[in-house]
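K.L.:
Just need the whole structure built from these sequences, with the hints factored in.
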Amino acid sequence: MDALISQLQRQFRDYTISLYQQDFLDDQFTELKKLQDDGSPDFVAEVLSLFFEDCVKLISNMARALDQTTGAVDFSTVGASVHQLKGSSSSVGAKRVKALCVSFKDFCEAQNFEGCVRCLQQVDIEYKTLKTKLQDLFNLEKQIIQAGGIVPQVDIN
Amino acid sequence: MSEVRDIEQIKPTKTKKILNVLIVDDDAINRRLHARIINLIGGVSQTAENGEEAVILHRDGNASFDLILMDKEMPETDGASATKKLREMKVTSMIIGVTTLADNEEKRAAFMEAGLNHCLAKPLSKENLLPLINHLLDA
Numbered sequence: 001m002d003a004l005i006s007q008l009q010r011q012f013r014d015y016t017i018s019l020y021q022q023d024f025l026d027d028q029f030t031e032l033k034k035l036q037d038d039g040s041p042d043f044v045a046e047v048l049s050l051f052f053e054d055c056v057k058l059i060s061n062m063a064r065a066l067d068q069t070t071g072a073v074d075f076s077t078v079g080a081s082v083h084q085l086k087g088s089s090s091s092v093g094a095k096r097v098k099a100l101c102v103s104f105k106d107f108c109e110a111q112n113f114e115g116c117v118r119c120l121q122q123v124d125i126e127y128k129t130l131k132t133k134l135q136d137l138f139n140l141e142k143q144i145i146q147a148g149g150i151v152p153q154v155d156i157n
Numbered sequence: 001m002s003e004v005r006d007i008e009q010i011k012p013t014k015t016k017k018i019l020n021v022l023i024v025d026d027d028a029i030n031r032r033l034h035a036r037i038i039n040l041i042g043g044v045s046q047t048a049e050n051g052e053e054a055v056i057l058h059r060d061g062n063a064s065f066d067l068i069l070m071d072k073e074m075p076e077t078d079g080a081s082a083t084k085k086l087r088e089m090k091v092t093s094m095i096i097g098v099t100t101l102a103d104n105e106e107k108r109a110a111f112m113e114a115g116l117n118h119c120l121a122k123p124l125s126k127e128n129l130l131p132l133i134n135h136l137l138d139a
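So the protein lines, in turn, are chains A and B.
FYI, the numbering for the first sequence is 1 to 157, going by UniProt numbering.
FYI, the numbering for the second sequence is 1 to 139, going by UniProt numbering.
Bear in mind the hints are in silico, worked out from the structure with no lab data behind them.
Any given hint could be a false lead.
[Said to hold, decoys possible] DMTMM-like cross-link-like pairs, simulated, lysine to aspartate or glutamate; straight-line CA separation at most 20 Å:
no.	chain 1	residue 1	chain 2	residue 2
1	B	K14	A	D38
2	B	K126	A	D27
3	A	K105	B	D103
4	B	K126	A	D26
5	B	K84	B	E52
6	B	K14	A	E31
7	A	K57	B	D27
8	B	K126	A	D38
9	B	K14	A	D37
10	A	K34	B	E127
[Said to hold, decoys possible] If you want the footprint, here are the derived chain B segments under chain A, 3+ residues with CB under 8 Å:
no.	stretch
11	16–30
12	35–45
13	112–125
This structure is a prediction, so every number in the text was calculated from the model and none was measured.
Backbone N, C-alpha and C define an ideal beta-carbon position, used for all residues, glycine too.
P.N.:
The structure is reproduced here in structure tokens:
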């Protein structure tokens, strides 16, 4: 059992580090984890759940505003939604999503339709990818706990 | 027991008194985050989704918050307008404005002018909020 726990802990450590190295996450995610304790054991999951709900809602708003079949493109609505998404991604440490929002905002301000559509597609892919990767990370945590181990603190620096 | 007290004096982990805090932010994630931080540093909190809600909470004169964390950019009534209205209503709570790193000195100064006690840029953390609150409590 000890060997299994050690293996799982190693996997968890390596996977966590890879998420930071590949820019899926930044320091703000680390700060988020510091706010979780035995008194609030699901805090990170709760906040991430809010973030992914935000992604769905805002991406839908942006898609509607960029729909040329309904009339002129509403760049200001797109811009407002991008601004909100930039804020929430920043709050949870979703580094790639946040970076995309920066480019997206520039395209909105330039009223560049093709640029906006490309960014929208990329944002959709990135948040879904992040969601899958974080789910994998949480599954690893669960496996460690179920095996009787402790989830290791991972030093990113 | 005195060792614990000494450590608290060197590096406090809680506010000097239990604070009743109003968190004003249109973003649900920030409301959750800031509520958690307040909880960890020894406070209790209530939230409002925009400046107008914060003002309405004070209208009957019964609201009594030690501290208001006021986001700058919000729909309906923004942080500066809400702060100005609250000060006109003689609300004496400490009000800390929450800005973004993108806000320049001029924007921060304009927000302070509305009646803030201080301003902090997001993201908030225990490390930047707690010393500020204890400093304001001392003042």
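K.L.:
Against this structure, judge whether each hint is valid.
P.N.:
Status of the hints after comparison with the structure:
1. Distance restraint check for K14(B) and D38(A): the Cα-Cα separation of roughly 18 Å lies within the 20 Å cut-off, and the hinted pair is therefore satisfied.
2. Of the supplied pair hints, the one linking K126(B) and D27(A) holds, its CA atoms being roughly 15 Å apart against a limit of 20 Å.
3. A hinted pair counts as satisfied when its Cα atoms are at most 20 Å apart, and K105(A) with D103(B) qualifies at roughly 16 Å.
4. Taking the CA atoms of K126(B) and D26(A), the gap is about 18 Å. The hint holds against a cut of 20 Å.
5. At roughly 12 Å between alpha-carbon atoms, K84(B) and E52(B) fall within 20 Å of each other, so this suggested pair holds.
6. As the CA atoms of K14(B) and E31(A) are separated by approximately 18 Å, the hinted pair is consistent with the 20 Å bound.
7. For the given pair, K57(A) sits about 13 Å from D27(B) by alpha-carbon distance, which is consistent with the 20 Å threshold.
8. For the given pair, K126(B) sits about 17 Å from D38(A) by alpha-carbon distance, which is consistent with the 20 Å threshold.
9. Restraint check for K14(B) and D37(A): the C-alpha separation of about 16 Å stays at or below 20 Å, so the hint holds.
10. For the given pair, K34(A) sits about 11 Å from E127(B) by alpha-carbon distance, which is consistent with the 20 Å threshold.
11. With 4 residues carrying a beta carbon less than 8 Å from a beta carbon of chain A, the stretch 16–30 of chain B meets the three-residue requirement, and the given coverage holds.
12. Only residues whose beta carbon comes within less than 8 Å of a beta carbon in chain A count, and the stretch 35–45 of chain B has 4; three or more means the coverage holds.
13. Remark: the stretch 112–125 of chain B is confirmed as covered by chain A, as 3 of its residues place a Cβ nearer than 8 Å to a Cβ of that chain, reaching the required three.
Violated hints for the displayed structure: none, as all numbered hints are satisfied.
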